[in-house]
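Given the sequences, and given the hints that come with them, work out the whole structure.
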Amino acid sequence: MAHAILGISAYYHDSAAALLVDGGIVAAAHEERFTRNKHTSEFPINAARYALEEGGLRFDGLDAVAFYDKPYLKFERLLETYHGLAPKGLRSFLSAMPVWIKEKLFMRNMLKNELAKLGSVKPRMLFPEHHLSHAASAFFPSPFEEAAILTLDGVGEWATSTIGHGTGNGIQILRELDFPHSLGLFYSAFTYYCGFKVNSGEYKLMGLAPYGLPGAGQTEQFKQKILDNIIDIRDDGSILLNMDYFNYATGLTMCHDDKWQQLFGLPKREPETDLTQPYMDLALAAQQVTEEVIFRMAETARKLTGSQYLTMAGGVALNCVANGKLLRRGTFKDIWIQPAAGDAGGAVGAAYAAWFIGNKKQRSVNSGADSMKGAYLGPVYGAPEILRTAKMYKAPYEYYPEFEKLCRKVAELLEQGRVVGWFQGRMEYGPRALGNRSILGNPCHPEMQKKLNLKIKYREGFRPFAPSVMEEDIGDYFQLDRPSPYMLLVAPVLEQRRNPLPENYDRMKMFDRLYHLRSDVPAITHIDYSARIQSISKQTNERFWKLIKAFKDKTGFGLVVNTSFNVRGEPIVCTPEDAYRCFMRTEMDYLVMGDYLFTKEGQPPWKEEKDWRSEFQLD
Amino acid sequence: MEFLRDLWGFLRVRKKFWLLPIILTLLLFGVLIVLTSGTAVAPFIYTIF
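Protein chains in written order, with the working numbering: chain A, 1 to 619; chain B, 1 to 49.
Hints in this document: simulated from the structure, not taken from any laboratory.
Owing to the predicted nature of the structure, the values given are computational and were not obtained by experimental measurement.
Treat the hints with care, as some may be off.
[Unchecked claim] Derived pair list, reagent style SDA-like, types lysine to any residue, alpha-carbon separation capped at 25 angstroms: (1) A:Lys197 - A:Asp611; (2) B:Lys16 - A:Glu76; (3) A:Lys268 - A:Leu79; (4) A:Lys122 - B:Glu2; (5) A:Lys102 - B:Met1; (6) A:Lys450 - B:Met1.
[Claimed, not checked] Label pairs and their in silico Cβ distance ranges: (7) A:Asn359 - B:Trp18: 30 to 38 angstroms; (8) B:Trp8 - A:Glu42: 47 to 55 angstroms; (9) B:Trp8 - A:Glu145: 46 to 54 angstroms; (10) B:Trp8 - A:Asn359: 24 to 32 angstroms.
[Stated by the list, open to error] Okay, the calculated bits of chain B under chain A, using three or more residues with CB under 8 angstroms as the criterion: (11) 6-13; (12) 19-27.
Note that the Cβ used here is the ideal one computed from N, Cα and C, for glycine as well.
Structural data, given as structure tokens:
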């Protein structure tokens, strides 16, 4: 009989569920994709129900349910923090306690009540620590027999970062950095100060940083001020934050705005206001300091474990700029990063921890291949569902029984500069769209970056786009010598593909710099000649690979622009109906779902009673 | 009962018996909250709580 474990991440942000059957991942999905509420913290009832369906299991077929953290330990941290800092933090204390006293202290019961909706039996419940869940999500599905493990995030129970060593079916935590000293919260504080939303805008800060001027007086001054006043970085990578500058331990904001303004001579940027050079320089300074900490921690991990391989998870591990640089430093022979590195990935990590550590099951590794199945672990919708959606909206379509012909057609549309929604196969697990719920464009088109940002995604114009490149062609475009299947490595565009910069480039305004054609693939070349790469292998995603191949046959370029299939503030689409709705609300030109092509011009007029933009809170 | 058993286990394993009076006081307040208010929603900018 098969043994199954359901992993759950919930009640904080990015709720998700994952199902392991006999130690293999069968399904994993974010709850937000089903409820259409981005970063939802609700119990992932829909994701759990889907996972059981996918596994062909009834609830009574589960051996255990694993929740991704230890609530009492978190409560201990809260009480000790408030006690240690009293009388500061009274307001925060009074706001936090009702939730705990009424709900979170009774987590086991809350979970049981929610799980009762799936079935009447009461499975064994396990609560691995938050960072152990991250560590398990990093190591167990990795392609390594043994590896160092680095977990970095805001905070779990007490831990904010850990260094561990994974061997076989075990994980040993060797070092732990505790709250309030947190690299994740340090980065979030800068996210907040630069006017982005905490807990979702961190990747915008990372995208903004390259607009800062490296080596320029202001950037260096900011960096020095950060190092002198805000953060003390020790040789081993452990950090001490100067809590005089931060407010998150006792207050309701990330930092003390007045002190930051005094230090940097720069007020907190209000959200959605113009971005000026000082904020770009500040973003760059914060990014560089963050990288320095990660590098030192990684070196410590190398020394402590002696391992040649590193695995990573936790929200900070989504900082693909730092990941790419870490790889190029050569501290480790290879690095593997959990594609759902944030808290959603805690679901799969908790399940893995229960299976290998709790149940002491043997682990076998496929040489060179990880166990994440390309992160295509979500629901699949076939022709019946697609046709039902088409019928519901009276949407005309063209059917392509021959997939190669469809690829040729889409490649032709992309070549013409058209934007195509691409909906295929199983939905991705993790924050990135990896070619099954993606919006695609032509990377060579000079206007593509602008068009995608402003007319399709309705998001900030400065934000970069990522390429999906055929795995065998990576070296033709980028300084990267290995696959990057999860879009978690940033690498430079090859020098021979770059265009020279004008003399006054550094003095040009942000958008003038942005719209300067920096390479022969301008839509995916960021301002600093970098690109966040996703490599596509024929084995992992054959349909997407075939499409890119068709684009290459047509244009000579074996890569496309790939951005997630959603608009700003919206979770990535899950169902054909979500996809069709997003297609009709935006200026996307074509939609491909399975073997069906929908042309915008051929669709009936789209009517909605209220402005759909109000449906999604800006992230 | 399960809650009390879990709580006792936590205090024992972590050797944090000094938290017991605080937790009991909070639970007393909790009874009041349950009796007097609706859903508890934390207004935090960052959900670390």
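Is it true that the CA of Lys450 (chain A) sits at most 25 angstroms from the CA of Met1 (chain B)? Not OK: Lys450 (chain A) and Met1 (chain B) at ~60 angstroms, beyond 25 angstroms, violated.
Against the 25 angstroms threshold, does the CA-CA distance of Lys122 (chain A) and Glu2 (chain B) hold or violate the hint? Distance of about 14 angstroms is within 25 angstroms: holds.
C-beta pair Trp8 (chain B), Glu42 (chain A): status relative to the range 47 to 55 angstroms that was hinted: Since Trp8 (chain B) and Glu42 (chain A) have Cβ atoms about 30 angstroms apart, the given range 47 to 55 angstroms is violated.
Does Lys268 (chain A) pair with Leu79 (chain A) here, judged by a C-alpha cut-off of 25 angstroms? Violated, at about 30 angstroms.
Restraint check for Lys16 (chain B) with Glu76 (chain A), where alpha carbons must lie at most 25 angstroms apart: Roughly 9 angstroms between the alpha carbons, so the hint for Lys16 (chain B) and Glu76 (chain A) holds.
Do the Cβ positions of Trp8 (chain B) and Glu145 (chain A) conform to the proposed distance bound of 46 to 54 angstroms? 40 angstroms, violated
Just to be careful, I want the Cα atoms of Lys197 (chain A) and Asp611 (chain A) compared with a cutoff of 25 angstroms; is the pair within it? 23 angstroms, holds
Should the hint that Asn359 (chain A) and Trp18 (chain B) are 30 to 38 angstroms apart at their CB atoms be regarded as holding? The hinted range 30 to 38 angstroms holds for Asn359 (chain A) and Trp18 (chain B), with Cβ atoms some 35 angstroms apart.
Is the Cα-Cα distance between Lys102 (chain A) and Met1 (chain B) 25 angstroms or less? 16 angstroms, holds
Is it true that the C-beta distance of Trp8 (chain B) to Asn359 (chain A) lies inside 24 to 32 angstroms, as the hint says? The hint (24 to 32 angstroms, Cβ to Cβ) holds, given that Trp8 (chain B) and Asn359 (chain A) are roughly 26 angstroms apart.
Verdict on chain A covering the region 6-13 of chain B, where coverage means 3 or more residues with a C-beta closer than 8 angstroms: Holds: 3 residues of the region 6-13 of chain B have a Cβ under 8 angstroms from chain A.
8 angstroms C-beta criterion, at least three residues: is the region 19-27 of chain B covered by chain A: It holds: at least three residues are needed, and the region 19-27 of chain B offers 5 whose Cβ sits within less than 8 angstroms of chain A.
This entry does not satisfy hints 3, 6, 8 and 9, going by the numbered hints stated previously.
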